[in-house]
Amino acid sequence: MGGCIGIGNMTPGSEFNFMNDPDAAHIVFTSPHVPRLVMIPLELTHTVLATPNISERLRSLGTPFSSILDHLLHFFAATYKQVFQFDSPPLHDPCAVAYVADKDLFEEQMVHVDIERTSEFCPGRSVCDVFDMHRKEKNCVVVMKIKEVEQFWNMMLEAIEQADKKSPVNQTK
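In terms of the numbering used here, the sequence shown opens at residue 1 and continues consecutively.
Hints may be right or wrong, so weigh each one.
[Stated by the list, open to error] Beta-carbon label-pair distances, calculated as ranges: (1) His134 x His74: 32 to 42 angstroms; (2) Glu150 x Thr79: 21 to 31 angstroms; (3) Glu107 x Pro35: 16 to 26 angstroms; (4) Phe131 x Phe84: 23 to 33 angstroms.
Keep in mind the hints are simulated off the structure, nothing from the lab.
Remember, it's a predicted structure, so these values are computed and weren't measured experimentally.
The beta-carbon is built from N, C-alpha and C at its ideal position, and this holds for glycine as well.
Start from the sequences, fold in the hints, and give me the full structure.
Next comes the structure, spelled out in structure tokens:
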């Protein structure tokens, strides 16, 4: 998970991961050794919100592990509400895991992506040529959309239930 197509979360056009190391992002996006580069952008992760219904499903497990996860999911909720006007916090990195587990759940588009390394205002900006305006070689699969958000959450909650059964946090002494 990294980058964004439009609005960033650290600058008006930079996502946190790429902004913190634009040179590393550039190396990855220009490497001839990466056979299939996939970008899970911020816009996609912002469609997967930990709604009150998701929290309720998580808390219904009734274990210390599920309680910790619910707390972690909502740790940044106030910031997302204040800065981005989100009613619920988004899930970021698990979107990349879900893509690897079931890429049919997603819509993707092959595009050319460059990384802005010297910008005064948006260092690390992922410049996604979605409309092929520059006619450069397409170097990245950009995951544009989750087809079924509910199916995504079902997959996540199933994985959480499995982890919950084995979590040492739930073990009593």
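Looking at the structure, which of the earlier hints fail to hold? Every hint satisfied by this model.
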